[in-house]
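> Residue numbers (the numbering used here), protein chains in the order written: chain L, 1468 to 1662; chain S, 490 to 681.
No lab work stands behind these hints: they were computed from the structure.
All C-beta atoms in this analysis are idealised placements derived from N, C-alpha and C, irrespective of residue type, glycine included.
Honestly, I wouldn't trust all of these hints.
Unchecked claim - Taking beta-carbon pairs under 10 Å as the criterion, some of the chain L residues facing chain S (in silico): (1) Leu1482; (2) Leu1485; (3) Ala1529; (4) Leu1580.
Unchecked claim - Which chain L residues stay away from chain S? Per the calculated CB distances, all over 10 Å, these: (5) Pro1469; (6) Arg1511; (7) Asp1563; (8) Asp1574; (9) Arg1577; (10) Arg1636; (11) Thr1639.
Stated by the list, open to error - For each label pair, taking beta carbons as the anchor points, the in silico distance ranges come out as: (12) L:Gly1524 / S:Leu652: 21 to 29 Å; (13) S:Ala618 / L:Phe1531: 43 to 51 Å; (14) L:Ala1613 / S:Ser505: 32 to 40 Å; (15) L:Gly1524 / S:Ser505: 38 to 46 Å; (16) L:Ser1526 / S:Leu633: 22 to 30 Å.
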Amino acid sequence: MPSANRVLAATAGLLATLALIAGDTLAPGGAGEIGALDVARRLRSDPDGIRILDVRGDSAFADFHLPRARHAALADAAHLEAWVAAARAGGASEGDLVVIVGGPGIDARRPWLALKKAGFSDVRYMRDAVTDWLESIISPILGPDADDEERSAFEEQAEIARYFGGFPRILTAAEAPGGDVSERLRKARRRGCAF
Amino acid sequence: MNAPLYEVGAFGDTASLGFALVLGIAFGWFLERGGMGNANKLAGQFYLTDLAVFKVMFSAIVTTLLGVFWLSELGWLDLPLVFVPPTFAIPQLLGGVVFGLGFVMGGLCPGTSCVSASTGKTDGLMVMAGMLFGVFAFNEMFPLVERIYRSTPMGSITLPELLDIPFGVAVFVVVAVALAGFRAAEWFEARA
């Protein structure tokens, strides 16, 4: 008969193996995440119907923030009620589309979940909002090997980018540095389709 | 109602302190019953003769990791609401070195020194006194070390975020490392 230690080790091994295939509870692109392109679309079409709450630190907010964003930074350990109060102080109400802007090391999912539990019906979050905004809106690029469908989608993205002061570019074959650009574009497109 | 219960308002500050007291007593009792109040046993891990501390700590990590992952996966725990302490790479590295030196010299760490002292062991009391003096001295000297203390902030980062891997993969890797570590620990202990 196997020892208790061996049974526990085997159980841990089994649960860990199942964890590999069970999915990812923290995966990006989940139901709550929104991309910069979708935020830009909403800002352009209905600026009064969206509230952007930037929960990054003071200096990060001062360095760069999304258009119409309000600063609502709290300590990481802030209680859920404090997040809800900060969101209301930032002008958000239950019926608005509320976008929580996070960044490296600032988890936007905590205030996002706080607002959802408080009854806000449409709350989204951006995990690395500034990078996403810079890549998708300020300097979006399209590789030279893009097909017609990608070029058509890029035209719309370029129009939105120009509206927000961005500089969209379509690279020539000589300008494309290789695989890295394609990978960045794929990531940007995935984010853009999250809404 | 999902966990974490305190975060979603299931109980208040006073009750949470009560739970902390009960859990703390239970934690101390299990540590003492596991022999973690004995400095000789704890010091054995540095000589690779008794790796009980390593096994206890990794067992706790694996149990918590699997528990958190599967409770979250089953929808009973809202993982984004679980507080993750922020990481400050250099100061925590320095703190780890100071902690390790204190551990190997005193034979006890902060938690186990409380366990040891509660059973009347003099070495436990001395380590506790040293720990409290260290806390006092650190606070008095804080302006001198504040710059280091606040350096290299990385925010509340977790392994999946740091390594850009799915949570499930991180769970598997940590558990695999732990199981391999248990095997290696038994091998070292058998040789001692």
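> May I ask which of the numbered hints given earlier this structure violates, with the numbers listed in increasing order?
Of the numbered hints, 3, 8, 9, 14 and 15 do not hold.
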